[in-house]
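Asker: Fit chain X to the given chain C structure using the hints.
2 protein chains.
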Amino acid sequence: MARVVVEVMPKPEILDPQGKAVTGALARLGFPGLTVRQGKRFEIDVDGDLTDERLAEVNEAAEKLLANTVIETYTVHVADEAQADEGDR
Amino acid sequence: MARVVVEVMPKPEILDPQGKAVTGALARLGFPGLTVRQGKRFEIDVDGDLTDERLAEVNEAAEKLLANTVIETYTVHVADEAQADEGDR
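Those sequence lines, one after another, are chains C and X. Those letters in the first sequence? Residues 1 to 89, by this note's numbering. Those letters in the second sequence? Residues 1 to 89, by this note's numbering.
One chain only, chain C, in its complex shape (with noise of 0.2 Å):
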């Protein structure tokens, strides 16, 4: 059982009202002079080996479904096998 990470994040010209938000509310809440931004994070546990094939369906998920790349980024990333085991469930 291998694990791949994928990370969406709004695209930097793309306004991200989530993240304006809790930037806001953490400056109220006590902690300012912190800009946030929001995105999304997606832990991929994928059933059986993990060939090169495998990886590039989990790419084609990523671009095609979790993000929307109009107005997203998105990276993916093999996890490391200590933060592998350490999710295991």
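Careful, some of the hints might be misleading.
One copy or two, either will do: identical chains are not told apart, so a pair holds if it fits within one copy or between any two.
[Unchecked claim] Cross-link-like lysine to any residue pairs, in silico, SDA-like; alpha carbons within 20 Å at most: (1) LYS20 to VAL8; (2) LYS11 to VAL46; (3) LYS20 to ASP45; (4) LYS64 to VAL8; (5) LYS64 to GLU53.
Because the hints were derived from the structure by calculation, they are not lab data.
Answerer: Positioned in the frame of chain C, the structure of chain X alone reads:
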């Protein structure tokens, strides 16, 4: 301007309806064998120098406000220079 990344994930023992929905959608749309858990990623730009005190503040903000530690775990790490540059805005 330093960038700190806070990642928030549902705890392993907690149900993750969002992740379950994504897992089901991926399977239906031609990507079987992927089990997804969905969390949040915050990219935080810290005004001024990233001293230990500032980093401790971000940690406190993550603990108290960004994550619900009853049901979520969080990690805080400083982004590499390269990443911070890449995302500059």
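Asker: Report the numbers of all earlier hints that the structure fails to satisfy, in ascending order.
Answerer: Hint check: nothing fails, all pass.
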